[in-house]
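Asker: Sequence:
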Amino acid sequence: MLPVHGSNRPLEDELVNLRRRISAIEEQLVSPSAHDRGSRIQPWGAQQDSVQNSQHLDNVQDQALALNKSRLYGPTHWLHGGHEFKRVAVLNRDKDQSAEGEATRDEKAKLERLFHRCKQLAQKIKHNDSETSITESVSSRFLNRKGWADQMAQLYVTRFESAFRILHIPSFWAEYDEFWKNPEEAPMALQCKVKLVIAIGSSLFRDATDADNIRRSLSPWVHEAQTWVSGPVKKDRISLSGLQVQCLLILARQVLCIGADLVWIAVGTLLRTAMHMGLHRDPSRFKTMTVLEAEVRRRLWATILEMNLQASLDSGAPLAIPDDFDTYCPRNVDDQDISERTKTLPCYAENTVTDTSLQRLLGIYFQPRCEIVRRMNEAWSSFSQDEVQSLTSTLNRACRECSTSIAGSNHGDAIKSFKHNMADLLLRRFLLALHRPFATASRVGDVGFHFSRRVCLDSAMALLSPPDSPDFYRVASMGGGIFKNRIIHASLAICSDLIIDMEELNSMEWPSGYRKMLLDALREAVKQTTERIRLGETNLRLHMKLNVVLCRAECAESGSARQLRMIEAAQESLKMAYAVMQSRLSVVEWKRLEEEQPERSEHDWQNLGLNVDEDWDESYDMPDIGLDELLWLGLDEGGMATSHGAE
123 MLPVHGSNRP
133 LEDELVNLRR
143 RISAIEEQLV
153 SPSAHDRGSR
163 IQPWGAQQDS
173 VQNSQHLDNV
183 QDQALALNKS
193 RLYGPTHWLH
203 GGHEFKRVAV
213 LNRDKDQSAE
223 GEATRDEKAK
233 LERLFHRCKQ
243 LAQKIKHNDS
253 ETSITESVSS
263 RFLNRKGWAD
273 QMAQLYVTRF
283 ESAFRILHIP
293 SFWAEYDEFW
303 KNPEEAPMAL
313 QCKVKLVIAI
323 GSSLFRDATD
333 ADNIRRSLSP
343 WVHEAQTWVS
353 GPVKKDRISL
363 SGLQVQCLLI
373 LARQVLCIGA
383 DLVWIAVGTL
393 LRTAMHMGLH
403 RDPSRFKTMT
413 VLEAEVRRRL
423 WATILEMNLQ
433 ASLDSGAPLA
443 IPDDFDTYCP
453 RNVDDQDISE
463 RTKTLPCYAE
473 NTVTDTSLQR
483 LLGIYFQPRC
493 EIVRRMNEAW
503 SSFSQDEVQS
513 LTSTLNRACR
523 ECSTSIAGSN
533 HGDAIKSFKH
543 NMADLLLRRF
553 LLALHRPFAT
563 ASRVGDVGFH
573 FSRRVCLDSA
583 MALLSPPDSP
593 DFYRVASMGG
603 GIFKNRIIHA
613 SLAICSDLII
623 DMEELNSMEW
633 PSGYRKMLLD
643 ALREAVKQTT
653 ERIRLGETNL
663 RLHMKLNVVL
673 CRAECAESGS
683 ARQLRMIEAA
693 QESLKMAYAV
703 MQSRLSVVEW
713 KRLEEEQPER
723 SEHDWQNLGL
733 NVDEDWDESY
743 DMPDIGLDEL
753 LWLGLDEGGM
763 ATSHGAE
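In this note's numbering, each residue carries its 1-based index in the sequence shown increased by 122.
Don't read these hints as lab results, they were simulated from the structure. Careful: at least some of the hints might be erroneous.
[To be verified] Each pair of labels, with its calculated beta carbon distance range:
{"no.": "1", "residue 1": "486", "residue 2": "407", "range": "20 to 26 Å"}
{"no.": "2", "residue 1": "704", "residue 2": "500", "range": "41 to 47 Å"}
{"no.": "3", "residue 1": "576", "residue 2": "677", "range": "22 to 28 Å"}
{"no.": "4", "residue 1": "704", "residue 2": "267", "range": "28 to 34 Å"}
{"no.": "5", "residue 1": "306", "residue 2": "336", "range": "17 to 23 Å"}
{"no.": "6", "residue 1": "300", "residue 2": "468", "range": "23 to 29 Å"}
{"no.": "7", "residue 1": "704", "residue 2": "462", "range": "16 to 22 Å"}
[Said to hold, decoys possible] The list that follows gives simulated cross-link-like pairs (lysine-lysine, DSBU-like), each with its CA atoms no further than 35 Å apart:
{"no.": "8", "residue 1": "356", "residue 2": "409"}
{"no.": "9", "residue 1": "465", "residue 2": "356"}
{"no.": "10", "residue 1": "241", "residue 2": "697"}
{"no.": "11", "residue 1": "248", "residue 2": "356"}
{"no.": "12", "residue 1": "268", "residue 2": "232"}
{"no.": "13", "residue 1": "268", "residue 2": "357"}
{"no.": "14", "residue 1": "241", "residue 2": "649"}
{"no.": "15", "residue 1": "649", "residue 2": "638"}
Just so you know, these numbers come straight off a predicted model, no measurement behind them. All residues carry an ideal CB built from backbone N, CA and C; glycine is no exception.
Put together the whole structure using the sequences plus the hints.
Answerer: Written out as structure tokens, the structure reads:
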């Protein structure tokens, strides 16, 4: 946890050091030798007996790595959850499976051609978006609409300034008014700050038929801020305003889905900039610092740590957070309690809800989440069953406390729902990461692993269907980073549980109530991925493969008839996506694209983009989700050699 005011600091430091030393000794004692490491191929399957005997659950980090061209995806990256979908192909190996018929081959050829057309269309859209990003002509006209900009800024302040405290609100509104006196002559840091706030707020704007076009037209402001941040280092960049711009930029990239899957690199730069400015040392060490500056620094430091933690979870990369910081949690005060003239802060009870309550709660539960990411993504680490259950209880308690705190605020229901869902997202994601390796191993028959299967499903259901909030649903449907990974992780967990259920009870003539619940959840995931495509998503694989899994679970046929139905389900998914993407191109652009379509005579199934090693970053924003055998459906024996164990 982050340090809290009023604690016994020397004793606390000594306890932290002792715990760290004990952990290091325990790590050395439980770590296998180099010879043992090389021999552990399937810790969840072949090594099951030793796992049960020792009650120590070896993690899968030593092989849960994926190198996609130049990018490494560690164990907590969603890509590793996709390998469970190879089980669908195994399920399709019916003993009565007939040879592939001509009708099936024809449908496969149609599917290949359709996927190739979708790929070309997605590339064209991304090319158009990249050209739009370098022109300011469209976005600059919004600087003449102050009333609309005020509304967007208010949306940002009331929704996003909760978990991520970046701005001191009264100070920001004063700067905001100053900006509008002469926008073009305002300092560049202030220009970037105001434009990013408006751009982030525009993600929630729904009061116009062209709301989506308005949101996309503001993307040049994000690129403008990125250019300023990446420019030659000057004094205005190494400042609190500069740090605020960097934080807003990282949030904007995720909310507006602009290079969101690479924010781990950006948060590393942000962290080191903050440390260079001394934010990792508590402001009480700097005697001449004002109360306002001290609190802004504490809030920014807590936000920077949270952004680093979330980015490490998404990328599967190591935490770049130092152990030797001593900055306290922000004080439990409202923004209106602080100004340039403030000398002494009011003292509220710990259970009093203020503008910093949510950030303080996230800070209190920072260390358990940090422990999950650190040990999941480092080599040769492991968790005992007691540790897993303890961390689970801690994070569940964090979710309850955040919910109680938000419910006690004096905001309206719309703001409360948004903040609740945001806090839940930032906490429950770690439960999925912690339990996923154990949940997918539950099919081996160990009762202890079924606890993880239940936690994974509960967390996935909570993330997939949170309390009603149109604002949160919108940003979750179009955002990248933490928002995009929400639907990916949740849908993978639900599909994994459904696949395990079909393995265990495949002979049932009628689906159980449990399976019906899973099917309803999967339909909700399909609905949400459909909405993502409507709002601009060009990666179609998740939607297509969820439809195939849904078809497999609902299909009453067997053998080649079922294979044909599943291929048709994939076709319907791609047809829908193609029509939606086509509507984003002008008539002239679409006709030009049609003329450029080459004739394809070979049925090269690798072109379906189902190979996890293929780099799709150039055209799809993200690599394949690891479902590299799903559409073979038992038809390609060469691709179906995978056993029940982990790869």
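Asker: Does each hint hold? Answer for all of them.
Answerer: Status of each hint after checking the structure:
1. Between residue 486 and residue 407 the C-beta distance comes to about 22 Å, which sits within the given range of 20 to 26 Å.
2. A hinted range of 41 to 47 Å for the beta carbons of residue 704 and residue 500 is consistent with their spacing of about 46 Å.
3. With their beta carbons about 27 Å apart, residue 576 and residue 677 fall inside the hinted range of 22 to 28 Å.
4. Here the CB-CB span from residue 704 to residue 267 is close to 31 Å, well matched to the stated 28 to 34 Å.
5. Between residue 306 and residue 336 the beta carbons are some 21 Å apart, a value that agrees with the proposed interval 17 to 23 Å.
6. In this structure, residue 300 and residue 468 meet the distance hint of 23 to 29 Å, their C-beta atoms being roughly 28 Å apart.
7. Between residue 704 and residue 462 the CB atoms are about 55 Å apart, so this pair departs from the stated range of 16 to 22 Å.
8. Pair hint residue 356 plus residue 409 holds up; C-alpha atoms about 26 Å apart against a cutoff of 35 Å.
9. Pair hint residue 465 plus residue 356 holds up; C-alpha atoms about 31 Å apart against a cutoff of 35 Å.
10. For the suggested pair residue 241 and residue 697, the alpha carbons sit about 12 Å apart, so the restraint of at most 35 Å is met.
11. For the hint pairing residue 248 with residue 356, the CA-to-CA distance comes to about 33 Å; that is within 35 Å, so the pair holds.
12. Proximity of residue 268 to residue 232 is assessed by CA-CA distance (about 51 Å); at most 35 Å being required, the pair is judged violated.
13. With a C-alpha separation of about 30 Å, the suggested pairing of residue 268 with residue 357 holds against the 35 Å cut-off.
14. The hinted pair formed by residue 241 and residue 649 meets the criterion: a straight-line CA distance of about 21 Å does not exceed 35 Å.
15. Among the hinted pairs, residue 649 with residue 638 is consistent with the structure: their alpha-carbon atoms are about 16 Å apart, no more than 35 Å.
Going through the hint list in order, the structure does not satisfy hints 7, 12.
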